[in-house]
Amino acid sequence: DTGVSQDPRHKITKRGQNVTFRCDPISEHNRLYWYRQTLGQGPEFLTYFQNEAQLEKSRLLSDRFSAERPKGSFSTLEIQRTEQGDSAMYLCASSKGHNTEAFFGQGTRLTVV
Amino acid sequence: TQLLEQSPQFLSIQEGENLTVYCNSSSVFSSLQWYRQEPGEGPVLLVTVVTGGEVKKLKRLTFQFGDARKDSSLHITAAQPGDTGLYLCAGYNQGGKLIFGQGTELSVKP
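Those protein sequence lines, which keep their order, are chains A and B. In terms of the numbering used here, the first sequence opens at residue 253 and continues consecutively. In terms of the numbering used here, the second sequence opens at residue -2 and continues consecutively.
Chain A with its partners taken away, still in its complex shape:
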C-alpha cells in the first residue's frame, strides 16, 4: 500500500464552476478526514467519516460543500459554484480509528480564477 492518494494534485477552475476531488485512504483505515489549508496556516477541519458514516461537518462550511464516502473506502469532496475564497489546498487523511495516527495525502491545490 502506497499511502493516502489524492486526485487531482492541482485544479484550476473558473468562478461558478463545480469541482470534485477524490481521496483513496490507506486500505484498512476506517476513518477519513478532509481539511482545507491556506498558505502558512494549520489545516482547518472540514468533515470526517467513520466507514461510510459522516460523523461531523464543520459549521464553517457552506452548503456548497459536500462529501461522500459511499462504500466506506474512497471519498469525494465536491464544491459547487466555486468562489475565489475557495482557493486553497484540500487535504485528505486517514487513520485506523479514534486516537490513532493519521496519515495525509499530498493534497489537491485548488485555484479559482
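Hints in this document: simulated from the structure, not taken from any laboratory. Treat the hints with care, as some may be off.
Chain B side only, calculated, beta carbon under 8 Å to chain A, not exhaustive [said to hold, decoys possible]:
| # | residue |
| --- | --- |
| 1 | 19 |
| 2 | 27 |
| 3 | 28 |
| 4 | 30 |
| 5 | 39 |
| 6 | 40 |
| 7 | 42 |
| 8 | 49 |
| 9 | 51 |
| 10 | 89 |
| 11 | 93 |
| 12 | 94 |
| 13 | 95 |
| 14 | 96 |
| 15 | 100 |
Every value quoted in this text rests on a predicted model; they were computed, and no experiment measured them. Here a beta-carbon is modelled for each residue, glycine too, at the ideal position from N, C-alpha and C.
With chain A fixed as given, assemble chain B onto it according to the hints.
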C-alpha cells in the same frame, strides 16, 4: 472547545542554531502528533507522544509530552536548511475529531 496553540508562528534562524517549538492547550489530550509539511505537499507524521512526561528522539529532533498531557514541545538541535518547513501539532478532541495548531513556519538559513 479544545484548542491547540503553537508558538512561535514564525522562526528564522541560522544553520547550527537550536530551537524549540511549543504546542499548548488548556485541555488534556490522550496523545499528540507532530507533523512536518513542505510547500505544496501534505503533512508528514514525525512522531506521536502518548504518555505524560514522555520524551521521544528522532535524530536531532526531541519531542516531549507534558506531565499533564496538555502541552508538548519540539526541540531541534543544530538546525540544518533541510529542517525548513511548517511544523504542526495535532490531537484528537473528545468528539474524535483531529484538530491542529496554527503551525510554526521554520526557516533555516545556510
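| field | Contradicted hints - numbers only | value | 1, 8 and 9
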